[in-house]
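Undergrad: With the first letter of the sequence shown counted as 1, position 387 gets the number 387 in our numbering; the numbers rise by one all the way through.
There may be inaccurate statements among the hints.
Claimed, not checked - Below 20 Å or equal to it, Euclidean Cα-Cα: the simulated EDC-like pairs (lysine to aspartate or glutamate) are: (1) K443 with D474; (2) K447 with D391; (3) K447 with E473; (4) K379 with D470; (5) K460 with D361; (6) K443 with D51; (7) K447 with D152; (8) K45 with D409; (9) K45 with D278; (10) K379 with D278; (11) K45 with D335; (12) K447 with E383; (13) K379 with D450; (14) K443 with E473; (15) K379 with D407; (16) K460 with E473; (17) K460 with D335.
As the list claims (entries may be wrong) - Each pair of labels, with its calculated beta carbon distance range: (18) A316 with L449: 43 to 49 Å; (19) P151 with T220: 38 to 44 Å; (20) G116 with P171: 32 to 38 Å.
Think of the hints as simulated: they come from the structure by calculation, not from any bench. Ideal placement from N, C-alpha and C gives every residue a C-beta, glycine not left out.
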Amino acid sequence: MAISFLPNSRRWLPGLAVGLLLTATQPAAAQQAAGFGFEFRPIAKVVQAGDTLRQAWAGGLNSPQFSNLDLNADQQPDLLVFDRISNRVLPFLSVATATGRAWQFAPEYAALFPPGLRSWVLLRDYDCDGRPDLFTADERGSNIRVFRNEPDAQGRLAFRLITTVLTYFAPSIGGNINIAVGGDNMPAIEDVDGDGRLDIVTTEFGTNTPSLYFYRNTSTAACGGLSFGLGSDYWGGVRICGHGCGGFTFAPDQCRPAPQRPTHNTGYNLAVFDVDGDGRADLLTGRTNCAEVTILRNGGTAQQALFSAAGLNAPAPFNGQAPRVPNLPAAYPADVNFDGRPDLLLAPNLFDNRDNNDTVDTRNAVQLYRNTGAATGPKLAREPAGFLHSDMLDVGEQAAPTFADLDGDGLTDMLVGGLNRPDGGGLFRAALSYYRNVGTRQKPVFKLLDADYLGLSRRKLAALRPVLADLNEDGGPTCCIRPSA
Numbered sequence: 001m002a003i004s005f006l007p008n009s010r011r012w013l014p015g016l017a018v019g020l021l022l023t024a025t026q027p028a029a030a031q032q033a034a035g036f037g038f039e040f041r042p043i044a045k046v047v048q049a050g051d052t053l054r055q056a057w058a059g060g061l062n063s064p065q066f067s068n069l070d071l072n073a074d075q076q077p078d079l080l081v082f083d084r085i086s087n088r089v090l091p092f093l094s095v096a097t098a099t100g101r102a103w104q105f106a107p108e109y110a111a112l113f114p115p116g117l118r119s120w121v122l123l124r125d126y127d128c129d130g131r132p133d134l135f136t137a138d139e140r141g142s143n144i145r146v147f148r149n150e151p152d153a154q155g156r157l158a159f160r161l162i163t164t165v166l167t168y169f170a171p172s173i174g175g176n177i178n179i180a181v182g183g184d185n186m187p188a189i190e191d192v193d194g195d196g197r198l199d200i201v202t203t204e205f206g207t208n209t210p211s212l213y214f215y216r217n218t219s220t221a222a223c224g225g226l227s228f229g230l231g232s233d234y235w236g237g238v239r240i241c242g243h244g245c246g247g248f249t250f251a252p253d254q255c256r257p258a259p260q261r262p263t264h265n266t267g268y269n270l271a272v273f274d275v276d277g278d279g280r281a282d283l284l285t286g287r288t289n290c291a292e293v294t295i296l297r298n299g300g301t302a303q304q305a306l307f308s309a310a311g312l313n314a315p316a317p318f319n320g321q322a323p324r325v326p327n328l329p330a331a332y333p334a335d336v337n338f339d340g341r342p343d344l345l346l347a348p349n350l351f352d353n354r355d356n357n358d359t360v361d362t363r364n365a366v367q368l369y370r371n372t373g374a375a376t377g378p379k380l381a382r383e384p385a386g387f388l389h390s391d392m393l394d395v396g397e398q399a400a401p402t403f404a405d406l407d408g409d410g411l412t413d414m415l416v417g418g419l420n421r422p423d424g425g426g427l428f429r430a431a432l433s434y435y436r437n438v439g440t441r442q443k444p445v446f447k448l449l450d451a452d453y454l455g456l457s458r459r460k461l462a463a464l465r466p467v468l469a470d471l472n473e474d475g476g477p478t479c480c481i482r483p484s485a
């Protein structure tokens with residue numbers, strides 16, 4: 001497909017004429033050895049709906065996971081975002097502003113994290129040194145790797161691999177067995193029983209009516225070990241049933257009808273969060289092809305959990321606003337409003353939105369429930385603007401930019417293809433976004449003029465990749481589009 005533009009002037013600039021965005025993609029040592037590297041310099045500004053985007057060039061969020069840690073040793077909790085779809089690490093610094101504190105994208109810290117992270121990343125302090133350590137999936141996605149947070153000689157953030165396969169001791173065999181998570185699942189890693197040590201809760205692997213496995217930290221030290229034992233293979237007396245998104249049974253009942261062994265394992269996300277401030281670990285869970293975040297309240301004790309009901313209809317502390325994400329929701333307790341209280345972030349935890357028929361609008365995938373409660377218990381109120389997305393240039397998945405002087409004013413404008421337009425049937429289709437340069441050549445400012453340039457979303461394409469070139473040698477750009485139906 002080719003579309004010709006008729007600018008007021010014959011001048012146009014093929015390609016990118018200004019230094020917009022250079023992001024480090026190699027570790028610092030490799031850059032030094034090669035004698036060159038990349039530096040992030042957000043020279044160009046982006047304006048949408050009258051607002052200048054603070055995190056314009058962060059790259060958007062598709063399937064983000066959230067954890068707090070101190071990136072720059074300033075004693076302020078910063079934020080790590082790991083995107084499951086893109087396997088990207090996105091660090092954000094907590095910085096002082098005239099009105100308090102705000103998040104600032106800091107890609108220079110990404111190279112300090114271990115390479116090859118995949119599936120899920122959770123930062124939890126297992127040795128009580130005040131520095132969250134890194135728990136993540138192994139290369140196959142089914143086991144747990146652990147990296148200890150050990151700053152280098154200059155005090156910079158660094159991680160050391162502690163184990164490639166986290167295990168628990170099984171008395172029946174007198175040896176250790178791997179703690180299996182499953183490729184699509186995400187465990188909960190928290191102090192579940194209140195003894196000051198990190199425990200692990202996973203979903204039973206290899207069945208379509210899984211129970212929850214609780215791995216108790218059995219380290220002898222007051223804090224600091226990674227020794228585990230199987231505390232329960234039926235934690236809380238709950239079993240996840242396959243009939244509907246709210247399908248759970250509670251001891252002594254069993255799922256009906258009798259389960260059959262599945263041909264594959266679906267995805268389950270777990271998060272431990274004390275939703276009512278009673279000191280007992282409650283559970284938030286989501287599953288594949290479901291939008292609901294289910295809350296299971298612990299009616300037992302911290303040491304012996306007991307669940308008897310699953311809430312789908314926005315029980316407290318969600319303040320009457322139902323927690324829903326389009327597909328495979330996951331919950332992340334993290335302090336993101338700088339008040340020392342854990343807020344709750346919800347986001348899809350998909351590996352690939354395309355495999356799920358593009359059901360998630362990745363431009364607005366994150367929901368933030370701000371914790372406005374007191375020490376006696378959280379009270380969560382949803383922020384309508386979400387979290388971080390509104391400050392980013394995000395045109396959805398498969399973003400593909402190209403640059404040229406589209407209006408003949410001598411300044412480089414920007415076209416970006418992306419999957420972002422609802423088609424009325426619950427899916428999202430590709431469109432072109434037109435950003436006109438209203439700044440200068442040295443300091444460009446890209447202002448969004450049209451989020452569906454040329455009306456191409458009507459073609460219901462799955463992708464658009466624009467390329468600008470002077471194909472007929474008339475001095476003006478022609479837009480060649482590579483569509484995908």
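Undergrad: Give a verdict on every hint.
TA: We went through each hint and held it up to the structure:
| no. | hint | result |
| --- | --- | --- |
| 1 | K443 with D474 | violated, 28 Å |
| 2 | K447 with D391 | holds, 14 Å |
| 3 | K447 with E473 | violated, 29 Å |
| 4 | K379 with D470 | violated, 58 Å |
| 5 | K460 with D361 | holds, 15 Å |
| 6 | K443 with D51 | holds, 17 Å |
| 7 | K447 with D152 | violated, 42 Å |
| 8 | K45 with D409 | holds, 18 Å |
| 9 | K45 with D278 | violated, 47 Å |
| 10 | K379 with D278 | holds, 13 Å |
| 11 | K45 with D335 | violated, 28 Å |
| 12 | K447 with E383 | violated, 26 Å |
| 13 | K379 with D450 | violated, 39 Å |
| 14 | K443 with E473 | violated, 29 Å |
| 15 | K379 with D407 | violated, 51 Å |
| 16 | K460 with E473 | violated, 31 Å |
| 17 | K460 with D335 | violated, 40 Å |
| 18 | A316 with L449: 43 to 49 Å | holds, 45 Å |
| 19 | P151 with T220: 38 to 44 Å | violated, 26 Å |
| 20 | G116 with P171: 32 to 38 Å | holds, 34 Å |
Hint check: violations occur at hints 1, 3, 4, 7, 9, 11, 12, 13, 14, 15, 16, 17 and 19; the rest are consistent with the structure.
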